[in-house]
Every structure is written in C-alpha cells, then in structure tokens.
Amino acid sequence: MLQINYLRENKAEAIERLAVKNFDASKIIDQAIELDNLRRQTQNQLDETLAEANNASREIGGFFKQGMINEANELKLKTAELKAQSRELTEKLGKIVSDLKELIIQLPNIPHPSVPSGNSDADNETILQEGKIPELGDKALPHWELASKYNIIDFDLGSKVTGAGFPFYIGKGAKLQRALINFFLDRAMEAGYTEIQPPLMVNEDSGYGTGQLPDKEGQMYHVGIDNLYMIPTAEVPITNIYRNVILKEGELPVKNVAYSQCFRREAGSYGKDVRGLNRLHQFDKVEIVQIQHPDKSYETLEVMRNHIASLIQDLELPYRILRLCGGDLSFTSALTFDFEVYSAAQKRWLEVSSVSNFENFQANRMKLRFKDKNGKTRQAHTLNGSALALPRIVAALLENNQTLEGIRIPEALVPYTGFELIN
RNA sequence: GGAGAAUUGGCAGAGUGGUCGAAUGCGGCGGUCUUGAAAACCGUUGAGGGUCACACCUCCGGGGGUUCGAAUCCCUCAUUCUCCGCCA
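If you number the first sequence the way the numbering used here does, the last residue is 1146 and the count never jumps.
FYI, nobody ran anything at the bench for these hints, they're computed from the structure.
A portion of the hints provided could be inaccurate.
[As the list claims (entries may be wrong)] Here are the simulated distance ranges between beta carbons:
| id | residue 1 | residue 2 | range |
| --- | --- | --- | --- |
| 1 | PHE1054 | GLY994 | 44 to 52 Å |
| 2 | ILE756 | THR849 | 33 to 41 Å |
| 3 | PRO836 | LYS806 | 30 to 38 Å |
| 4 | ASN760 | GLY973 | 37 to 45 Å |
| 5 | GLU940 | ASP996 | 21 to 29 Å |
| 6 | ASP938 | GLU918 | 29 to 37 Å |
Remember, predicted model here, so these are calculated numbers, not experimental data.
No residue lacks a Cβ here, since even glycine has one placed at the ideal position from N, Cα and C.
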C-alpha cells in the first residue's frame, strides 16, 4: 500500500512512474487526495466535539463532588447533544477512512526507475545468461518420463491419493528433495540467514498483511472450519512475524530463511505448463527474506540476486536472469529479477526464482517499522526471493543430466544425496 | 473437548467509575562525576492522527455495550496459564 502523504507530495512523479506499469493512476490519486482532505477536516470536527464533551464531563464530575446536582443535570443535556454529534462524525469519518483505503489499495507499488516499460513477459530484459545448454539429441526424455523410468516420482499415485499436482517422491527422488532442501538451507545459513520453520497455515490477518487477501483469495487453499489458509509461500508467515512491529535500527537487516511446503490452487492453469513438475499444487521451496534500512535495500537486492545465482551455478544449470518489465511486475513489487533455468528436453526456460524489493509497500500495509538513530519511527523495506523452488530445479536436473547410465547428480549435491547417479 | 484464572508501556508490576496515557522498579537514551569504566546522582524514555510549532483527539489483548464520564462495569471473540480428558 502506498502512503497517502507520499501521494500528496509526489503526485506527478507517482502518476508518471505508475504509467510504466501500464496503470493510469491520476484519477484515483486525485480522488484519494480529495478524500484525505475531507478526512482531515472531519477528524478536526470530531476532535473538537470530543474535547468539548471531555471538558463537560469533567465539569459534571466537579458539580457532583460539590453536591450541585441541578447544575450537573443541566450540563448533561449538553453532553447528550455532543454525544449525538460525535457519534455522527465518527460514523462519517469511518466511512471516509475505509473509502480512502479502498482507493489507495488499488494502487500498485511504484516501479523502480530501472524497470523497463512493456506489456508482457516478452518485454522482460535479459540481463545475464550463463551456463552451457546441453545438446541431448532426439532420444532425450522429458522429466516426467525419466521420473517413471527410474521410479523416483509418481504422478499417477498422487492423482489417486489426492489429485493432480500432488506427486509422490520415492526412493532416490525423495532423497534428492531432501538433499536440495538441505543444500539450500546450508548455503543460506552460510550467508548469515537465520533458519525458521514457520506454520504452514496462517490466519486471515496474515493473509492481508502480505497481500494475498482479499484479491488472491482463490489462489489459496482455505480450511473453512478454522478459517485458516494454507500458505502459498513461506514469505507469508515469515514476513508477518513483523506485522505491527517496530524494530531498532541496530536490528537491521533482519535475514531469515525458511524451508516450507507451498500450496497453490493454480485455478485456470492447463496444458503443457502444468505437465510433470512444471506446476504443482504442493511444492517445496526455500525462501530468503530480508528487512532492510531504506537506504540499503537495493544494495541488498543485488546481494540476494548473487546468492541465488551462485546456487544455480553450483547445480551446474544453464540459467538467465530477467529484469521484469512494468507489465510483468507484480502488484506489490518495485523491482523484480526472475531466474530461469533451461530444461533441455522440454527445450524451455523454467522460472525457478523471483527476487524482489517491495520497498515500503508491504511495510506500510502491515505497519512494519524501525526506529532510526534520531529516534524517529520510519518504515522499513522488505525483500524476498526464492532460493530456490524445488520442482523445476528437479525437472532441469533430471533432463539436463540424463545419460545412458542414468542421471548424474551435480558434484555440489553429492555430499547431500549420498549418491552420484540415479539409475 | 470440559472447568477455572488471567491479558496494562521494551520487561516486571500498581491501578476496580472522574485531571490516568497510566505509580513504582528494571532496562534504554542523555548528562554530572571519572584518565576511562563501574557505582551514585539528575534528566529523559510508547504509538497514531493533527499543527509551522503548540493546542487538541484516539489507543491499557480485538470488537461491541452501559454511563455525563471506563484501564476500571457488562457482552463477545482471541490468546496465555492451571486442573481434567484425549493424544504424536
């Protein structure tokens, strides 16, 4: 959520930069500023009424103490009137505040100046491509066929027991999952992150805090009987730890890493996009989250980007980094880099990570602040990134490393798997 | 799941209808003293709205109510603790 004061003071800039996201904000901002004026005016009226009522109550107290019952009762008539007035004003103010919030909440985050304009993923800017794309020949199998050939992932069994998109990992397939999770977590801890195991379900407030609610409600599994939501990413519980929190400047940056399973309904997905491991309802992910001083958040974004890149390099996968264009940038993000690995049998790039700086957009929404050196309370910046999401990494590993003898495990992972070959 | 108790500022803990945004202690910050530190002493120390700055308003787990007036009384929800039941 953007701040109304920012909009008041930087209206032209906000409109101009939101245009990069193909968002015409001028009307909403005008309405918001007008409503905010009305809010201030109404708040003043209410405050004055309440102040008068408070004074009268104090006087009544004094009269009672002195036994001046008549005077007290007379004053009560006045307070009754003030009370009716303040009730009316409170109602009016409440309506204004909620209307105002409804307006502002429609505004996406302001994109960073480096964000290129564009409409779709076709306009994203490739800023780096690295690693050798393997030549597999015609006999190469896609990962879903390799999975059943070596009996390491069973999609049909998942469909039987739960539904499509909930695979079973078996034997070396299961061990490979565990190896990747540990590898990612260890690397994050070497980089100074604190490991956290979060709850996999969150309440409504947390859903609002990170912005899944109310808009993306349909994307989450909802446990109706207890009104809880299955998390679509560990970002939700990890970031909500800091909802309504004021940190000390010395506590920044906060660096947390969490492995969690993630649950997504993915309503409306279909076709080759969802084949095999390409898109699942339940998957594993290691997520890094940082809360940083506003002056340092972009520096931190670079560091996080390098961390993610080094993981993919160590897994010996060809990858590229994209700077998302305005049209592809998420609602809450100011700047996002996507990582894609090349899955050589499918001959496609698969997104395995997305690292973003949300600046104070999430912080404003969930009241995450810090006290700076001068004792002033300010909003912190939040950042997060996948490091990494497993299924597509597994897909690329299986496809790219297939040989006549079996599937070769990258060297960095062998200490974790305990085997060098899936055969 | 059943019964009972509790929820106050960073922490501990007073406050049961009137000037209480809240005693006191600890912690934090600033200062005096000191070569420096400790101790001692003095001052300061919650958040939001509003203002050039004041004034003023709101917040004592969340929401609602009673009252001229609520941290204090009532209702409701959440959480924590104790006992019982069940249980990895």
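Hints, one by one, checked against the model:
1. PHE1054 x GLY994: 44 to 52 Å: violated (25 Å)
2. ILE756 x THR849: 33 to 41 Å: holds (39 Å)
3. PRO836 x LYS806: 30 to 38 Å: 52 Å Cβ-Cβ, so the 30 to 38 Å window is violated.
4. ASN760 x GLY973: 37 to 45 Å: Holds, at about 39 Å.
5. GLU940 x ASP996: 21 to 29 Å: holds (22 Å)
6. ASP938 x GLU918: 29 to 37 Å: holds (31 Å)
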